[in-house]
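One-letter residues, chain by chain:
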Amino acid sequence: MRARIVGDWTLAHYAALRREVQRLRARIDERSQIELSGLGALDTAGAGLLVELLGPERIAAIEAWAPQLPAERLALLRTVATALDQPDAAEPPRGYEFGDVLAHIGRTVAAVWKQQRALLGFIGLTLQTLLLTLPRPRRWRLTSLAVHIEQTGLDAVPIVALLTFLVGAVVAFLGATVLADFGATIYTVNLVGFSFLREFGVLLAAILLAGRSASAFAAQIGSMKSNEEVDAIRTLGLSPIELLVLPRVLAMLITLPILTFVGMLSGIAGGLVVCVLALDISPTMFFTIMARDIAVSHFLVGLGKAPVFAFIIAVIGCLEGFKVSGSAQSVGEHTTSSVVQAIFMVILLDAIAALFFMEMGW
Amino acid sequence: MTSDDALIQVRGLVNRFGSQTVHDGLDLDIRRGEILGVVGGSGTGKSVLLRSIVGLRRPNEGSVSVFGENLLELSAERRSQVERRFGVLFQRGALFTSLNLQENVALPLIEHAGLERRDAEHLARLKLALAGLPANAACKYPDELSGGMVKRAALARALALDPEVLFLDEPTAGLDPIGAAAFDQLILTLRDALGLSVFLVTHDLDTLYTICDRVAVLSRKRVLVADRLEVVEATDDAWIRDYFHGPRGRAAQQAADLQEN
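Chains as they are written, first to last, in the numbering used here: chain A, 1 to 362; chain B, 363 to 623.
No lab work stands behind these hints, which were simulated from the structure alone.
What you are looking at is a predicted structure, and each value in this text was computed from that prediction instead of being measured.
Careful: at least some of the hints might be erroneous.
[To be verified] Derived lysine to aspartate or glutamate pairs resembling DMTMM-like cross-links, with alpha carbons at most 20 Å apart: (1) A/Lys323 to A/Glu333; (2) B/Lys583 to B/Glu431; (3) A/Lys323 to B/Glu506; (4) B/Lys583 to B/Glu445; (5) A/Lys323 to B/Glu483; (6) B/Lys502 to B/Glu526.
Only chain A is shown next, with the shape it has when bound in the complex (with noise of 0.2 Å):
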């Protein structure tokens, strides 16, 4: 068989030109004559076709049946044929889905049970480091607990202020409209203290530094792993536990309690000016219902809950930063895999001691 190679063998043509080859491919052997001396244009991608139309062994001996190509076409097809000249890896094993989706619900799973065992660890660790650091005020980074004091309390203040101030209003709005039916919108005050100060005030103190801090500590650390500093802290005979988590948990440690209780007083101040604006309480009739109805243990109760609070989101966030490997889309993930378990941890944690405290009768 004769075949003659003519036109311009570039990208634009390719798909054309592949299903010629493929067609093609299997008429032509060794005994059959190629002319190429009709080829307009060449590119790599029109190389690579030919290479395959006509096989590696035929290009590498391109010179001896035809000797009138250019220098650098044959450079350039040579090129290609060695590229080409090598075994073809095993195409990667088709999964069936029914298996699939059997094999990624036991990863899923088999994910979350190590997720928790490696939390566990980590808080370990943490208190380890910490217990150590405790008697040896020299090994105090007091800067950067300052800096995340800074960070994580004051920049949160004007956000948790505001929210919890509106929650307090809408709060009160729907215990006037309910209570209104029984002629009892009285009780809307202590709907409103209750409320705040045994779970609202904590509860959106620690969502929304759930979704500020854990995933800003996440980020920090992710990005200083993918660039190697975390490795470079541990090269340096430092611990990045003590360097990096400590600072973080107790910053939020001092922070979330203060910030608490600013959710808690913005809160009751939202119910108070809806008391005052649309139920005709008086303030001082508020303050008084306040003080008689609500004991101080409630107060207590909530401020109690957010150093555990503090202490969980803070850890979340430096255990996903320390997950990170290599890629800036791996920061991401952990990211948005930090808030995610924060806020998880943090509901739940407050559902459990909800049951527990009311079981005890506080």
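Position chain B relative to chain A; hints supplied.
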């Protein structure tokens, strides 16, 4: 091979970052079919120059004309057509992390050459092989690869559309000497066969001596000299002397001489 018509003309380029001036009245031509090596100390703005030429950075003053047109003044559609004639290899590869290697290379082929996915990935595997990657790397993701392999894959993506101008930002940094030599050879072969022009930012003296037609030296905020290597070497300037006649420069020169004889 080298003809004198300038494909890219940089005139009076000024780039400032805040109060720091990186380029001040820089002129440079890139001619059709040549391999232009750009050298300069750290922080002399080699990468900034590259970014200004491909239109990623708007220079504070001056003009950059590419194929006779100013990229920054073109309409979006026209600009995209011009950019298709570029291939850019970034310093750290800049592969898309969410795509595997063959998808990375196939992306421009699908978007611009209008190939179907199957054809595009077939061609992408050829480009990866050309860049010196083994066949089993095609389905790997960038974060599973070493730095050198990322570089090769990025070269394969830069070559995907057989561009007319290839911009390479330190292509051989992080490659082993064998890989770097093969890389140089590949660039040379492609230039000869396809008439590419290559803008090559490099610190690799071997690359300079082996494949560059002209060398431009960036120093003191402008192009000090841009000419054949012999002329550049002979230029009377302290930095150039240290660069080309220091121990590494001499070794690379001898190696290149040996190769030629």
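- request: Identify every previously stated hint that the structure contradicts and give their numbers, smallest first.
  value: 2, 4, 5 and 6
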